[in-house]
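Participant: Top to bottom, those sequences are chains V and Y.
Take full-length UniProt numbering: the final residue in the first sequence is number 675, and no numbers are missing along the way.
Take full-length UniProt numbering: the final residue in the second sequence is number 376, and no numbers are missing along the way.
Hints are computed from structural coordinates only; laboratory data are not their basis.
All residues carry an ideal CB built from backbone N, CA and C; glycine is no exception.
Please note that a few of the clues may not be correct.
[What the hints assert, rightly or not] Simulated pairs of lysine-lysine, DSS-like, Cα-Cα distance not exceeding 25 Å:
1) Lys12(Y) with Lys133(V)
2) Lys451(V) with Lys492(V)
3) Lys253(Y) with Lys108(V)
[Stated by the list, open to error] Covered stretches of chain V, going by a simulated chain Y footprint (3 or more residues, C-beta under 8 Å):
4) 56-66
5) 113-127
6) 428-437
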Amino acid sequence: MSENRALRRAHVLANHILMSRSPSSKISLTREVCLQYTPPEVNESYGFQVKEMRKLLDGHNLEDRDWLYGIIIQSDLFNRKERGGGGKVFVSPDYNDTMEQQREISMKRILYLLEKGVFQGWLTETGPEAELKKFALYEVCGMYDYSLNAKLGVHFLLWGNAIKFFGTKRHHDKWLKDTEDYLVKGCFAMTELGHGSNVRGIETVATYDPRTEEFVINTPCESAQKYWIGEAAIHASHAIVISQLEIKGTNQGIHVFIAQIRDQDGNICPNIRIADCGHKIGLNGVDNGRIWFDNLRIPRENLLNSVADVSSDGQYVSAIENPDQRFGAFLAPLTSGRVTIASCAIYSAKVGLAVAIRYSLSRRAFSAVANGPEVLLLDYPSHQRRLLPLLAKTYAMNFAANDMKMMYVKRTPETNKEIHVVSMGLKAVLTWHNMRTLQECREACGGQGLKTENRVGHLKGDYDVQTTFEGDNNVLMQQVSKALFAEYVSCKKRNKPFKGLGLVHMNSPLPVMPTQLTSSILRCSQFQKNIFSVRERDLLERYTSEVEELQGRGQSREFSFLLSHQLSEDLSKAFAEKAILQAVLNAEAKLPAGSIKDAVGLVRSMYALICMEEDPSFLRYGYLSRDNDGDVRREVSKLCRELRPHALALVTSFGIPDAFLGPIAFNWIEANAWS
Amino acid sequence: MASQSQVLVEDKSSVRILTLNRPKQMNALCSNMITRLLQLFLAYEEDPNVKLVILKGQGRAFCAGGDVRPVVGDIVQGKWRLGADFFSDQYSLNYVMATYSKVQISILNGIVMGGGAGVSIHGRFRIATEKTVFAMPETALGLFPDVGASYFLSRLPGFFGEYVGLTGARLDGAEILACGLATHFVPSTRLTALEEDLCRVGSSDPVTFAETILNAYTQHPHLKQHSAYHRLHVIDRCFSRKTVEEIISTLEKEAIEEPNEWISATIRALEKASPSSLKISLRSIREGRYQGVGQCLIREFRMVCHVMKGEISKDLGYRAVVIEKDKNPKWEPRGLEEMKDNMVEQYFKRMDEEKGWEDLKLPPRKALPSSIISKL
């Protein structure tokens with residue numbers, strides 16, 4: 001009986017493989033003939049306008065992006081290599097360079113881009129347009145090499161933005177233009193050996209000396225040494241120093257200072273010690289360093305004083321009385337970092353998927369029938385299941401990243417909280433997604449994925465840091481849950497309807513979910529929205545009641561949060577995934593009826609259903625029955641088949657120039673030929 | 001008959017020597033010549049007896065371009081759609097050459113401009129001589145570098161392609177060899193011997209054979225002292241800019257810092273060219289950088305149809321009518337600032353509102369999709 005069933009299934013599978021793409025006569029490969037590379041374009045067709053889809057995905061500044069791609073591709077400084085015949089050119093860093101060489105070439109590349117005017121206005125221009133342009137160019141740099149991106153991030157987004165946001169006119173006049181022109185090279189000294197995500201706990205101290213009107217900065221112990229400071233080991237001339245401020249024996253909490261750390265000749269300044277963080281698993285083009293301060297004296301004016309100031313006679317003045325709020329104000333610039341990290345993660349995932357999917361559309365393995373042609377990798381249902389849901393997720397998260405960027409550049413004091421919470425959630429979820437996608441793509445490319453020239457594998461090492469910097473992902477996700485908790489409690493306490501953080505659905509009665517899930521129900525956007533809302537709502541209620549119960553039993557609020565970590569994890573994930581689904585729905589709603597809308601609809605359903613299949617919460621808390629779960633799973637498989645014909649168009653729509661992908665994405669036989 | 005004699009054919013065992021034979025018009029390609037070349041090239045591809053195709057020009061030009069005078073006549077009479085057929089055929093020929101499965105050797109012994117580049121640069125081997133004068137002069141005519149130039153110019157080192165395409169700068173044999181437009185350089189006195197040797201291909205592998213012969217003949221000429229190619233770094237600095245306006249302002253800055261004849265000539269050329277041409281040309285080269293040769297030709301066909309229809313600018317017709325007589329052309333739009341982004345955008349759109357208009361249909365090639373790269 002069971003043998004019969006197995007046999008039948010094998011038949012079904014074989015039929016399925018054979019039916020799904022009838023191999024065209026042109027490419028029939030027999031054993032006698034050597035394998036020939038057939039570009040995916042020969043047998044695949046585009047079911048929608050890829051140019052239009054690209055506009056939707058990139059969202060803004062397409063011409064600026066293309067311009068910068070060209071600047072990189074046309075320069076020998078970016079390690080141009082001809083591979084695969086037909087004048088096919090590829091650019092990617094030479095990872096065989098030593099750490100020292102990678103750092104030097106990264107700096108040279110930055111200066112080259114500077115000369116071409118790439119960074120023009122990055123700090124001196126304001127407004128949504130300037131910011132979006134900066135984001136676009138920044139994303140392109142990250143696709144070439146994340147080291148380049150990280151170095152720029154340190155200089156412009158951390159050092160530069162700190163001056164912009166915490167400084168006042170005197171600082172802006174003195175530093176912004178010079179920073180934009182790289183006359184000063186900045187770094188951002190916040191993290192310490194003993195304190196990373198917990199910024200409040202950092203131990204570096206600045207005390208005010210009214211006699212000389214200077215601050216004296218000290219590293220009181222080894223754990224207070226500044227650690228992982230990008231650009232500090234070699235290149236930076238100046239540093240933003242985040243330090244406790246002590247005035248007349250009173251600690252006023254963390255504040256932001258400017259210190260020169262190297263002279264014009266690049267020698268380390270007196271009263272400063274700098275050491276290298278050493279070789280890393282990736283991102284070796286960035287010179288991370290460690291800094292100690294030994295009674296370093298800096299002028300009073302070097303306190304960035306938009307939030308708080310110290311008068312010459314040593315009086316502490318701040319417009320923000322509450323130290324908690326003051327602390328929050330100090331961390332605001334990190335938001336822009338998170339926004340760009342999340343969007344860059346998606347561009348990295350796109351590179352991985354474009355390479356792996358193009359390869360899977362030209363590489364064959366095993367025949368399904370004796371002496372038959374070998375089967376294209378992407379015609380295996382299992383291969384589809386590995387890559388296509390990740391592709392759909394990447395699309396969905398792309399839309400979410402775009403919405404977040406728009407929200408950020410149009411920020412107002414009213415939207416700050418929302419941006420803060422959303423950017424924490426998306427930063428964590430999108431960077432995790434990138435890592436997972438890269439690993440799957442690497443494996444999907446087989447051995448070829450191991451070669452750095454094919455990009456996918458190496459991106460893992462380079463992008464791994466994203467899950468840690470600018471807030472450890474797990475810590476950020478806990479913050480998301482805490483923010484939702486606070487919102488919930490505050491609305492309930494004041495008996496007010498929910499407004500922010502996408503919780504409006506909590507004001508309506510709980511949607512009634514159908515017990516039978518047909519294909520059309522599963523693909524219905526209202527159903528998808530409802531079930532994501534039900535999950536979020538239920539988890540939020542469970543989480544708050546668990547925390548409150550623990551508090552009722554005498555636990556402190558903080559400790560109750562910690563004990564509820566399981567629900568916290570489920571909740572923050574539910575929140576982020578619902579925000580992403582909403583972003584796809586928003587994008588879809590704006591589209592006129594047609595092939596692009598249909599493709600986005602397919603992608604959206606795949607996104608919704610794969611989230612349902614993967615998150616155990618749906619079964620654990622009963623949002624889906626076991627039967628429902630089976631229906632979801634079958635539908636995912638169906639969606640894989642339906643997305644398969646669009647696979648090439650979907651990755652072509654990423655708009656990544658061929659030169660930014662690896663040789664295996666193109667004629668990999670020619671690229672590996674003897675000559 | 002006329003078309004036969006406008007393209008001379010010599011049968012040398014497995015080699016075919018085609019000579020563009022319209023010397024008074026500097027071998028400018030008329031519609032008949034294009035059709036004839038297309039016929040011949042397609043036939044040779046099928047003919048197992050043919051291994052090499054040599055293309056050259058009669059007289060002091062290889063080919064001075066496509067003969068657009070009849071097209072301009074059509075445009076003036078409001079019949080631009082007739083012109084579209086001319087370009088459609090020409091681009092199809094360019095495409096066949098770019099994806100040609102046999103070996104094409106073009107001998108660029110004289111003037112190579114516009115359409116002349118289109119029938120040679122896409123081929124496997126391009127032989128420069130001391131007599132070669134290469135230029136893409138379209139921006140001075142109200143057109144843009146077409147015939148697949150957005151493909152081959154965009155693939156030149158750095159931003160040399162933008163320089164050549166926007167300024168119409170003239171390059172000599174040594175320069176086109178240095179930048180890769182030519183693959184070999186053979187002094188004109190040795191061309192007869194070279195041809196004879198090439199005709200001995202016999203049963204050997206044609207690519208290896210031709211390569212061996214050409215390598216034996218090729219020389220490494222010195223770039224002249226004032227060659228633009230010595231100024232690649234300045235060209236990169238200026239022509240890498242995002243917009244035409246920025247390119248010019250960067251050149252002007254350079255000119256102040258280090259005035260010289262080359263830079264003033266470059267600025268003059270840009271100031272004289274049609275503003276609409278400059279802007280669509282820059283965008284075309286930039287887009288071409290990420291496209292296959294087929295996609296480039298399809299896009300260029302859209303562009304040339306817009307140019308002929310003249311909705312935004314009538315520069316092509318105007319300039320050609322008063323050609324050569326007018327030293328101070330009056331372009332419309334007159335200045336770069338008047339040629340707005342959305343106007344540029346128009347040139348890249350399909351002409352769906354135009355009844356019966358269709359995108360360029362590339363001739364089918366053996367298992368080669370239109371996006372697949374050519375040989376440059």
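Participant: Look at each hint and say if it fits the structure.
Facilitator: Hints, verified against the model:
| no. | hint | result |
| --- | --- | --- |
| 1 | Lys12(Y) with Lys133(V) | violated (59 Å) |
| 2 | Lys451(V) with Lys492(V) | violated (55 Å) |
| 3 | Lys253(Y) with Lys108(V) | holds (23 Å) |
| 4 | 56-66 | holds (count 3) |
| 5 | 113-127 | holds (count 3) |
| 6 | 428-437 | violated (count 0) |
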